[in-house]
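Participant: If you want the building blocks of each chain, they are given just below.
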Amino acid sequence: MSKIVTALTRIVLPALVIALLIAIWWIVVARSESPIFPTPWQVVTGVWELVKDGTIWDHIGASLFRVGVGFGLAFLVAIPLGLWMGWVSGAFYTLNPLFQMLRPISPIAWIPVAILWFGIGDLSPIFLIFISSVFPMIVQTTAGVRTIDRRYLRAAANFGVSRWVLFRRVVIPAVLPEIIVGMRIGIGVAWLVVVAAEMIALHSGLGYLIMDSRNAGNRYDLVIASMIIIGVIGLMLDGVTRLLERLKTVKWRYVR
Amino acid sequence: MSARKPDKKIVVDAIGKSFGALPVIDRVSLEVRDGEFVAIVGPSGCGKSTLLNIIAGFERPDRGTVRIDGAERAGPSPKGIMISQHGSVFPWLTVQENLMFGLNGASRRDKVALADRYTAMVGLKGFETAYPHELSGGMLKRVELARALVVKPEILYMDEPFSALDALMSLRMQTELRRILDEERHTVLLITHDVEEAINLADRVLVLSPRPATIQTVFDVNLPHPRKLSSPEAQGLREAILKELGL
Chain P
1 MSKIVTALTR IVLPALVIAL LIAIWWIVVA RSESPIFPTP WQVVTGVWEL
51 VKDGTIWDHI GASLFRVGVG FGLAFLVAIP LGLWMGWVSG AFYTLNPLFQ
101 MLRPISPIAW IPVAILWFGI GDLSPIFLIF ISSVFPMIVQ TTAGVRTIDR
151 RYLRAAANFG VSRWVLFRRV VIPAVLPEII VGMRIGIGVA WLVVVAAEMI
201 ALHSGLGYLI MDSRNAGNRY DLVIASMIII GVIGLMLDGV TRLLERLKTV
251 KWRYVR
Chain Z
1 MSARKPDKKI VVDAIGKSFG ALPVIDRVSL EVRDGEFVAI VGPSGCGKST
51 LLNIIAGFER PDRGTVRIDG AERAGPSPKG IMISQHGSVF PWLTVQENLM
101 FGLNGASRRD KVALADRYTA MVGLKGFETA YPHELSGGML KRVELARALV
151 VKPEILYMDE PFSALDALMS LRMQTELRRI LDEERHTVLL ITHDVEEAIN
201 LADRVLVLSP RPATIQTVFD VNLPHPRKLS SPEAQGLREA ILKELGL
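Line order of the protein sequences matches chains P and Z.
Reminder that position 42 of the first sequence reads as 42 in the numbering used here, one-by-one numbering, no gaps.
Reminder that position 26 of the second sequence reads as 26 in the numbering used here, one-by-one numbering, no gaps.
Check the hints yourself; a few may be wrong.
List of simulated lysine-lysine pairs, DSSO-like, C-alpha gap at most 27 angstroms [claimed, not checked]:
#1 K251(P) <-> K111(Z)
#2 K248(P) <-> K125(Z)
#3 K251(P) <-> K125(Z)
#4 K125(Z) <-> K8(Z)
I should point out that these hints are in silico values taken from the structure, not numbers from a laboratory.
Since the model is a prediction, treat every value here as computed from it, not as a measurement.
Starting from the given sequences, assemble the full structure and let the hints guide the process.
Facilitator: In structure tokens form, the structure reads like this:
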């Protein structure tokens with residue numbers, strides 16, 4: 001009984017809402033007889049066109065590559081830096097004000113700077129993704145270290161373990177759930193930003209596809225198609241990151 | 001062998017501690033013999049935990065000294081393990097990994113064997129690979145106890161160890177602890193607000209005054225184990241201690 005209810009609320013209801021939205025969209029477009037805005041079916045045929053000539057995979061691949069590199073670099077910088085700032089008060093008080101100031105600056109505001117420094121190749125969006133995802137991950141990791149329950153640190157001190165064991169067996173596992181939250185925020189922002197960055201001036205990527213479709217003869221079916229693809233991939237990226245929450249060593253954080 | 005005095009395990013000499021302008025401990029002196037079980041009872045908020053934290057080396061006194069085996073205490077050490085009310089079993093490690101945390105030196109196989117022996121000793125055989133969140137409160141306390149015992153500490157510091165458990169489980173854990181202490185002799189310093197627990201377990205009961213804490217009275221508990229709390233001697237002792245606490 002409860003299984004059926006869960007399936008109903010988890011799958012059937014969300015699907016119904018989406019179906020309803022598509023129906024309204026279809027009716028409104030059909031009635032208004034808009035020459036530009038596509039019906040859902042036109043979007044489907046538009047996607048099919050891109051799948052057939054294979055260009056869609058190139059665009060998705062280009063966007064994912066930029067997110068992968070930019071996010072990867074941000075991860076490599078943010079985690080050690082966050083751990084250090086969380087552990088060493090001096091580092092925290094020195095660097096935290098700077099990062100708190102840089103953090104609220106929209107990545108979009110960095111676009112002119114990125115073009116100036118890195119031109120309009122792959123490096124610009126990679127830089128923008130780096131900038132946008134590095135700060136949330138630093139902040140989460142730092143906060144994670146600073147909020148480790150003191151009783152665990154005391155217990156470790158009581159057993160007289162080395163600093164290395166303390167770090168590897170207590171600090172890292174205690175912060176891991178926080179790091180995963182930071183990664184989820186980071187990857188979300190990264191995906192948001194890559195599309196915006198690609199709209200400026202590039203020749204590949206989903207953001208480029210949106211602008212190019214509009215500029216090349218108002219192909220709004222492809223614009224909408226790209227938007228939906230972006231949404232689906234964003235959902236999948238979050239889903240993949242969430243898989244980390246199932247790690248045995250972080251499960252304690254998500255029960256009770 | 002050097003000329004150490006084996007009799008006095010812990011010597012606390014006139015320690016005092018204030019938090020800002022608030023005096024918490026006022027000139028407390030006490031001695032604990034090797035292998036003795038001393039319980040400290042006192043009203044809540046009287047500074048019992050602070051006293052134990054100072055003796056265990058987690059906090060520094062403003063005045064006075066703490067000596068363990070004649071050497072001045074300079075911080076926590078595996079020689080004396082603290083078991084506190086809220087517990088500190090690492091939730092990201094399995095029962096076995098928790099027990100192996102403080103073990104060093106020996107080969108991995110020896111560590112596993114030792115950990116498993118103590119897991120069995122506290123009655124958790126079969127739960128070696130379980131994570132703490134899969135265990136009940138009483139089982140967690142057993143893990144905590146086993147993790148402390150496995151490093152063979154000379155002293156156990158217990159800060160209201162069983163107060164988060166229900167009355168029945170608390171009593172069961174007291175019996176377990178007593179059984180283990182018969183197997184391996186440890187010096188134990190127990191902080192509690194449960195007078196019956198103190199009488200049930202300790203060789204000596206110290207009653208603390210309200211803040212700032214001083215030692216008000218000392219009771220010797222000369223009753224053989226296993227003790228019956230319903231015996232006239234135990235009841236008389238209970239009355240006397242409660243009276244000291246103003247009840």
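Participant: Find the hints from earlier in the document that the structure breaks and name them by number, from lowest to highest.
Facilitator: 4
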